[in-house]
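Asks: Each chain, letter by letter, is given below.
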Amino acid sequence: MRTVEAAAERIAPVFEQLAGVADRCILGPGEIPCARTSPEDLIDVIRTLRDQRGFTHLTLLTAEELQPPKPADGEQTEAAPPASPAGAREQLPQTGLDMIYGLTRAADGTTIIVRVALEDGSLAVPTLSHIWAGAEQLEREVYDLFGVHFDGHPNLRRIVLRDDFVGHPLRKAFDTNGGVSSEAVVEAVKSPGDAPFEETRRPNSPSEEARLAGDPVLHSERLVLNMGPQHPSMHGVLHLWLALDGEQVMASEPTHGYLHRCIEKLCESLNYKACTALLDRSDYVSGFHTELAHILALEELMGIESTPKADYLRVMLGELVRITSHHTWFAAAGLDTGALTPFLYAFIDREKILDFFEAITGARMMFNYFRPGGVKADMPAGLAEEMKAYLKTFDKQVDECESLLTGNEIFRARTRGVGLLSPQAVIDHCVTGPMARASGIDIDLRRDEPYAAYDRIPVNVATAMVGDTFDRYTVRVAEMRESARIALAALEGMPEGPCVNPDVPRAIKPPPGAAYRRVESPRGELGVYLVSDGSAQPWRLKVRSPAFSNLHSAPTLLNGGRIGDVVAVLGSVDVVMGEIDR
Amino acid sequence: MGVDDQTRVLIAPIQQLMDWARGHSMWPLTFGTACCAIEMMCCGSARYDTDRFGIFFRNSPRQADCMIVAGTINLKMAPRLKLLYEQMAEPKYVIAMGSCAIGGGPFSTGYNVVNGVDQIVPVDIYVPGCPPRPEALINSLLLLMERNSKGERSAADRLVLEQPA
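These protein sequence lines map, in sequence, to chains A and B. Just so you know, my numbering puts 443 at position 443 of the first sequence, and the rest follows in order with no gaps. Just so you know, my numbering puts 137 at position 137 of the second sequence, and the rest follows in order with no gaps.
To be clear, the hints were calculated from the coordinates, so they are not data collected in a lab. Computed from a prediction, not measured in an experiment: that's the story for all the values here. Treat the hints with caution; some may be incorrect.
[Said to hold, decoys possible] If you want the ones that stay clear, here's a sample from chain A, every Cβ over 12 angstroms from chain B, calculated: (1) G287; (2) K376; (3) D395.
[Claimed, not checked] Here are some of the chain A residues that sit facing chain B, going by a computed Cβ distance under 10 angstroms: (4) K273; (5) E351; (6) Q424; (7) I427.
All residues carry an ideal CB built from backbone N, CA and C; glycine is no exception.
Start from the sequences and build out the full structure, keeping to the hints where you can.
Replies: As structure tokens, this is what we get:
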């Protein structure tokens with residue numbers, strides 16, 4: 001277990017250096033240090049942390065509306081301001097927002113939160129997109145949902161909502177009117193809702209502008225290709241814009257938002273336990289991980305602990321769901337390179353694990369199983385033996401799947417040396433998970449920041465060196481084997497005892513404060529930033545989506561490559577649109 | 001339908017012949033957007049194996065008979081749904097798979113979610129569940145084929161026929 005004293009000792013010199021530009025503040029009951037600064041000093045603070053203190057990884061970039069002051073007489077009143085009429089959506093208050101930045105130091109896993117108060121009425125803050133390329137899209141999301149303007153941002157457009165959407169929905173004053181009316185749907189169907197890329201997209205750099213103009217020697221012409229959102233190889237509703245010069249990809253840009261389901265806003269009106277049901281649906285191939293991040297943050301806010309048995313169950317189910325998620329990826333990786341058989345093989349194995357999920361949680365995909373202080377119910381009697389027997393033979397099934405692709409000459413030719421991601425690009429684009437590990441960046445939260453029972457179960461982290469599509473494949477296959485081993489170890493070491501902490505109060509009302517907890521999902525670092533105002537519903541719930549950042553590194557992988565490789569490379573990114581759009 | 005004894009030629013009204021054909025093979029367009037799409041993929045996998053019923057998933061609307069809307073449709077996706085539906089050849093059918101496609105599901109009060117695809121395209125069959133099990137989806141496809149073999153009209157056709165002149 002991490003000790004609070006050791007963490008405080010590690011962070012003290014950082015605050016000494018930041019003296020004068022940032023003040024230390026209290027985030028919540030957890031041990032995450034927090035620094036408060038102003039928009040003018042933000043770049044200074046971030047540069048100091050990144051360049052001199054080793055906080056190279058940008059993990060969180062979001063905004064949070066400030067809570068209104070509590071009434072002095074202690075009387076409970078509605079916290080939300082009065083709903084504005086539909087016509088006045090644009091007239092949102094221009095104050096009362098905080099920008100939240102989370103930075104992590106890979107060396108010791110320390111995370112620091114930087115808060116910036118936007119007070120001057122213009123909701124403007126300097127952009128970080130020149131420090132981290134991946135911040136560009138994260139800032140676009142904040143602009144879209146909160147209306148914060150980023151000074152110096154190269155491409156500040158909406159990213160998840162339609163271009164003609166009015167208002168910024170995560171502001172508290174935004175009135176949802178109880179949902180979308182049928183008239184609005186009729187109106188929406190009339191136009192695509194986003195202008196063609198040629199009109200809206202400005203080249204990111206002079207070199208890209210030159211590339212987009214075509215080859216001056218060959219006098220070639222640029223061809224624009226739109227893949228998706230309904231495309232068999234787009235892994236959901238991803239829309240990829242490609243500028244081609246013959247076979248070569250000159251520029252590319254992923255567009256998403258076709259599955260934006262307002263999860264973060266809806267969670268603000270649900271009680272804490274009900275949020276897990278929606279979070280299951282955000283990352284629908286590995287629901288346990290989003291649930292777990294939320295529950296860990298909630299437990300931190302409430303100061304309760306889960307039981308040892310629940311910790312083991314959480315690890316075991318998390319690893320099994322990682323296997324099923326990688327099965328889905330494996331099936332798609334085969335289909336993307338023209339092989340149907342891997343899909344059939346992978347789904348046979350996946351179904352077996354889904355049967356276990358169904359026996360334990362009652363559902364194949366939407367589990368809603370983790371609770372504050374533990375899990376919903378114990379495993380059925382006798383299932384553990386069945387699962388152990390299955391997991392002991394699991395390696396053989398991976399061998400069988402691997403025999404279809406790993407040594408396959410066509411597969412190797414199509415993936416080796418294709419879609420290279422350099423270690424520097426991993427840092428720049430905030431890439432995490434198997435994608436980062438395939439590029440030689442050895443990060444894994446299960447080992448670096450152990451949660452649940454990972455401090456009692458050793459984790460071997462698979463890495464590779466080249467960072468091409470084939471390496472991402474080998475890392476994920478190695479992870480499947482390792483996950484089965486961890487799940488087996490969790491089953492065998494599972495202590496007896498209650499499944500849920502009996503001290504958890506019936507009414508979940510955490511004291512005011514914020515918490516940020518991260519878990520290692522099949523796609524990388526999945527975090528939940530949870531803010532409580534003392535009521536039964538979260539004030540703000542932000543999901544840090546690993547696939548979001550991974551997806552936006554795709555142009556680095558695709559540009560300069562061939563059009564025929566686009567699908568194979570995107571398959572190796574393993575995107576889940578539900579989690580990207582939320 | 002009957003076989004002429006002398007010429008050994010099958011004689012049937014063309015409509016009846018078409019109904020028979022449509023009742024035995026149904027090629028759905030995979031319009032999977034969200035969680036339900038994963039269960040739809042399971043339908044095509046070895047355990048549930050929809051191929052045995054003559055159900056082959058198609059990726060092009062031009063080759064598809066019915067559209068399975070598997071997942072949430074939001075305001076950004078809605079025009080694309082309509083466009084793909086219009087690209088399908090007649091007669092065309094729509095299956096609304098899962099709570100979201102039926103009525104917005106758990107996201108129905110959101111600011112960006114279409115509360116049911118029947119606001120955009122006429123729906124033939126609703127499959128409840130969040131997500132529905134693969135068996136439920138297969139059942140809906142079989143039901144659709146059964147209806148077709150009886151010569152029942154699609155929801156889109158009925159919409160046109162029942163319109164007051």
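Asks: Does the structure break any of the earlier hints, and which numbers would those be?
Replies: 1, 4, 6, 7
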